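> If you read the sequences in order, they're chains A and B. First residue of the first sequence? That's 1 in this note's numbering, and the numbers climb one at a time after it. First residue of the second sequence? That's 1 in this note's numbering, and the numbers climb one at a time after it.
Be aware that one or more of the hints could be misleading.
To be verified - Computed footprint of chain A on chain B, listed as stretches where at least three residues anywhere in the stretch have a Cβ under 8 Å from a Cβ of chain A: (1) 50-58; (2) 76-82; (3) 90-97; (4) 121-129.
Said to hold, decoys possible - Result set (DSS-like, lysine-lysine): computed pairs, CA atoms no more than 30 Å apart in a straight line: (5) B:Lys22 to A:Lys2; (6) A:Lys325 to B:Lys67; (7) A:Lys18 to A:Lys116; (8) B:Lys176 to A:Lys326; (9) B:Lys84 to B:Lys22; (10) B:Lys71 to A:Lys326; (11) A:Lys325 to B:Lys206; (12) A:Lys2 to A:Lys325; (13) B:Lys221 to B:Lys71; (14) B:Lys22 to B:Lys176; (15) B:Lys115 to A:Lys2; (16) A:Lys116 to A:Lys195; (17) A:Lys2 to B:Lys176; (18) B:Lys117 to A:Lys325; (19) B:Lys115 to B:Lys71; (20) B:Lys84 to A:Lys325; (21) B:Lys123 to A:Lys326; (22) B:Lys27 to A:Lys326; (23) B:Lys117 to B:Lys84; (24) B:Lys67 to A:Lys2; (25) B:Lys206 to A:Lys2; (26) A:Lys2 to B:Lys117; (27) A:Lys116 to A:Lys155; (28) B:Lys71 to B:Lys117; (29) B:Lys22 to A:Lys326; (30) A:Lys18 to B:Lys115; (31) A:Lys101 to A:Lys253; (32) A:Lys325 to B:Lys71; (33) B:Lys84 to B:Lys206; (34) A:Lys18 to A:Lys325; (35) B:Lys67 to B:Lys27; (36) A:Lys325 to B:Lys176; (37) B:Lys123 to B:Lys71; (38) B:Lys84 to A:Lys326; (39) B:Lys117 to B:Lys27.
No lab work stands behind these hints, which were simulated from the structure alone. It should be emphasised that the depicted structure is a prediction, and the values quoted were computed from it without experimental measurement. Beta carbons are placed, not taken as given, at the ideal position from N, Cα and C, and that holds for glycine.
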Amino acid sequence: MKINDLFQETFAAVTANKVRSGLTMLGIVIGIGSVIAMVSIGQGAQNSVQSSIQSIGSNLILVTPGVQKGPGANISAGRGSATNLTQLDADAIKSTVTGIKAIAPEQSRRYQVTAKGTNTNTQVTGTTPDYLEVRNVQVDQGAFFATSQLQSLAKVAVIGPTTRDDLFGVDANPVGQTIRINNLEFKVIGMTVAKGGSGFSNADDAIYIPLQTAQRFLAGSDSVSTISVEAQDANSMADIQQQITDLLLQRHKISDPAAADFSVLNQADIVATASSVTGIFTMLLASIAGISLLVGGIGIMNMMLTTVTERTREIGLRKAIGAQKKDISLQFLAEAVVLTFLGGVLGVLLGWLISLAVSHFASIATKVSLGSVLLAFGVSAGIGIVFGYYPASRAAGLNPIEALRYE
Amino acid sequence: MIECNNLTKTYINGDDTTVVLKGISFKIETGEFVAIMGPSGSGKSTLMHILGALDTPTTGSYFLDGKDVSKLSDYELAEIRKEKIGFVFQAFNLLPRATVLRNVALPLVYAEVPKEKREVIAKEALVRAGMDESRFNHLSNQLSGGQMQRVAIARALVNNPSLILADEPTGNLDTKTGEIVLATFQSLSEQGSTIVLITHEPEVAKYAQRIIHIRDGLILKDERIR
């Protein structure tokens, strides 16, 4: 039997019972479609988590204070609340630890901020000009404060675009305006470029002021809430992390590393943790979708077995007029593969539409990768072969005499 | 052209052995129209399966066109059926949703005859089987029983077989239509086809040139009637 005759036979058989073929195919369509959609959503989530972690700066190591405990009391105010990390620690890190590209201590706290008739509650970060480099912040309008303004305790502020929207209105030019933080007047000298992001730790909803100004006028202490360190390259991050830990343990006179009153976080670790979480999530979604694909495959096998039984006499006739076993098994296998392959094509289309809809309505930038499409095609054709093989070999193995007698 | 020597067929089912054919020998020359007649259980169906290369005998030999078919494998039997045998069944066994032409051309598909040739050959066979050209593109399930059987005859003719085997071809037809179908076999025989007709009805068998009577797995009588 020639290949184009095989396809003609298959086409005739598949179209002979359109409703049944369609419903059977639907199982594969849903299976493949959900695998494609789930993988694309998972990958989209992974990409957006990674890019939002990386948007806070590259090769970043964060040093934060530990738990603050009152003398003799066991009341913990939570991690990061202690004030035992100081400007001096930052200076020591800068001068001692090797492989550092830039370092920016900061002191952040939320304040009520007012401008002419408007007010908002936002994160006020006292920091140094190196913050731009370390945290990957860029200035859109005006300028960031200079090192000289740190020493002069200048009351100047650089605001984020969201804060600008809240205080001055969308598209207003904030440079030169005055805002009041904690009833102190600050002059706005610049605005940062929008980074995107939402919820808490939104880099666009922030105000940056010189570190010394924040310590002196707002906090009243020279503690810092975070020291951001940028490594020269990704490979030296673990080493720098270790150097900082050793240095601070020594400075804070702590011998047991488990009792450290600070923590050193490595951005790569954060990305890896987040990636592994989203990866597991993707796997979970895909395997649930995979179960529906399996069910679809069993549907194909079920239909093919019914077809073989229904067409027993036809199989007997084909054998009587000279069809070989392989002609019969190929015919039924081709039928199963065509069903699953068409189902696969429609399924990829469905999955793609679902992921487009998710991108559009749920604002997760989903991405249907070529790999997952090829995998889906391979899997669907494979399902056709696996689940079509048994019915096809049953058809091929029929005894022609008995098949012709079958009622 | 067909030569059977001492054919036997024994079915073994557990401890139970059934001897269906007990030693059958005959010769059929090219162009003969032979009826094999016997009551049910006589072994005529088993004999037909062996003659049609659907089955092999337990012992004995069966020569078709000088080739011993009795010891062939399943694969080789299928090749013999493809090239040398045309079947006509009681139940017609047409593909229901296919056109008359496609049904007739089906053996040519397995014989890998080029597509453009198939239609020509199939039309010739349909004309020989007495089908009206206006129905060539009808679906086979829209035809009457007599027309269906003529399509089946055309399908049996289409690969130009050495032997046409008809198994109760009039069993599903009324007497009048049956007569027309049997007359079709007679005219094919006159054109040189070798035809073996299996039946239990004497009125059907009388259309042949020769009747082989079978009973209990043995030839009872082999008579030439015309």
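> All hints are to be evaluated individually against the structure, with a verdict given for each.
The hints, checked one at a time:
Coverage of the region 50-58 of chain B by chain A holds [criterion: at least 3 residues with CB-CB distance below 8 Å; count 3]. Restraint check on the region 76-82 of chain B versus chain A: 4 residues with Cβ-Cβ distances below 8 Å, three needed, restraint holds. Counting residues of the region 90-97 of chain B whose CB lies closer than 8 Å to any CB of chain A gives 4, so the stated coverage by that chain holds, three being the minimum. Counting residues of the region 121-129 of chain B whose C-beta lies closer than 8 Å to any C-beta of chain A gives 0; at least three are required, and the coverage claim is violated.
Under the criterion of a C-alpha separation no larger than 30 Å, the hint pairing Lys22 of chain B with Lys2 of chain A is inconsistent with the structure, at around 42 Å. For a cut-off of 30 Å, the pair hint linking Lys325 of chain A to Lys67 of chain B stands: about 23 Å separates their Cα positions. Under the criterion of a C-alpha separation no larger than 30 Å, the hint pairing Lys18 of chain A with Lys116 of chain A is inconsistent with the structure, at around 71 Å. Restraint check for Lys176 of chain B and Lys326 of chain A: the C-alpha separation of about 41 Å exceeds 30 Å, so the hint is violated.
Between Lys84 of chain B and Lys22 of chain B the CA atoms are separated by roughly 26 Å; this keeps the pair inside 30 Å, and the hint holds. A C-alpha spacing of about 21 Å is found between Lys71 of chain B and Lys326 of chain A, which places the hinted pair at or below 30 Å, so the restraint holds. Between Lys325 of chain A and Lys206 of chain B the CA atoms are separated by roughly 38 Å; this puts the pair beyond 30 Å, and the hint is violated. Distance hint between Lys2 of chain A and Lys325 of chain A is fulfilled; the C-alpha atoms sit about 14 Å from each other, no more than 30 Å.
Among the hinted pairs, Lys221 of chain B with Lys71 of chain B is consistent with the structure: their alpha-carbon atoms are about 27 Å apart, no more than 30 Å. Under the criterion of a C-alpha separation no larger than 30 Å, the hint pairing Lys22 of chain B with Lys176 of chain B is inconsistent with the structure, at around 36 Å. At roughly 10 Å between alpha-carbon atoms, Lys115 of chain B and Lys2 of chain A fall within 30 Å of each other, so this suggested pair holds. Proximity of Lys116 of chain A to Lys195 of chain A is assessed by CA-CA distance (about 26 Å); at most 30 Å being required, the pair is judged to hold.
A hinted pair counts as satisfied when its Cα atoms are at most 30 Å apart, and Lys2 of chain A with Lys176 of chain B does not qualify at roughly 41 Å. Straight-line distance between C-alpha atoms of Lys117 of chain B and Lys325 of chain A comes to about 25 Å, which keeps the hinted pair within the 30 Å bound. Pair hint Lys115 of chain B plus Lys71 of chain B does not hold up; C-alpha atoms about 33 Å apart against a cutoff of 30 Å. For the hint pairing Lys84 of chain B with Lys325 of chain A, the CA-to-CA distance comes to about 18 Å; that is within 30 Å, so the pair holds.
The hinted pair formed by Lys123 of chain B and Lys326 of chain A meets the criterion: a straight-line CA distance of about 28 Å does not exceed 30 Å. Between Lys27 of chain B and Lys326 of chain A the CA atoms are separated by roughly 34 Å; this puts the pair beyond 30 Å, and the hint is violated. Restraint check: the Cα-Cα separation between Lys117 of chain B and Lys84 of chain B comes to about 19 Å, which is no more than 30 Å; the hinted pair holds. The hinted pair formed by Lys67 of chain B and Lys2 of chain A meets the criterion: a straight-line CA distance of about 27 Å does not exceed 30 Å.
Note on Lys206 of chain B and Lys2 of chain A: the hinted pairing is violated, with a Cα-Cα distance of about 42 Å set against a maximum of 30 Å. Annotation: proposed proximity of Lys2 of chain A to Lys117 of chain B holds, straight-line Cα distance about 14 Å (limit 30 Å). For the suggested pair Lys116 of chain A and Lys155 of chain A, the alpha carbons sit about 17 Å apart, so the restraint of at most 30 Å is met. Proposed proximity of Lys71 of chain B and Lys117 of chain B is contradicted: the alpha carbons are some 34 Å apart, above 30 Å.
Only pairs whose Cα atoms come within 30 Å are accepted, and Lys22 of chain B paired with Lys326 of chain A is rejected, the gap being roughly 34 Å. For the hint pairing Lys18 of chain A with Lys115 of chain B, the CA-to-CA distance comes to about 26 Å; that is within 30 Å, so the pair holds. At roughly 27 Å between alpha-carbon atoms, Lys101 of chain A and Lys253 of chain A fall within 30 Å of each other, so this suggested pair holds. With a CA separation close to 18 Å, the supplied pair Lys325 of chain A and Lys71 of chain B stays within the 30 Å bound.
Straight-line distance between C-alpha atoms of Lys84 of chain B and Lys206 of chain B comes to about 25 Å, which keeps the hinted pair within the 30 Å bound. For the suggested pair Lys18 of chain A and Lys325 of chain A, the alpha carbons sit about 27 Å apart, so the restraint of at most 30 Å is met. Taken as a hint, the Lys67 of chain B and Lys27 of chain B pair is honoured in the structure, with Cα atoms around 14 Å apart against an allowance of 30 Å. This hinted pair does not check out: Lys325 of chain A and Lys176 of chain B have alpha carbons roughly 39 Å apart, beyond 30 Å.
For the hint pairing Lys123 of chain B with Lys71 of chain B, the CA-to-CA distance comes to about 36 Å; that exceeds 30 Å, so the pair is violated. A threshold of 30 Å between alpha carbons decides the hint, and for Lys84 of chain B with Lys326 of chain A the separation of about 20 Å falls inside it, so the pair holds. Among the hinted pairs, Lys117 of chain B with Lys27 of chain B is inconsistent with the structure: their alpha-carbon atoms are about 34 Å apart, more than 30 Å.
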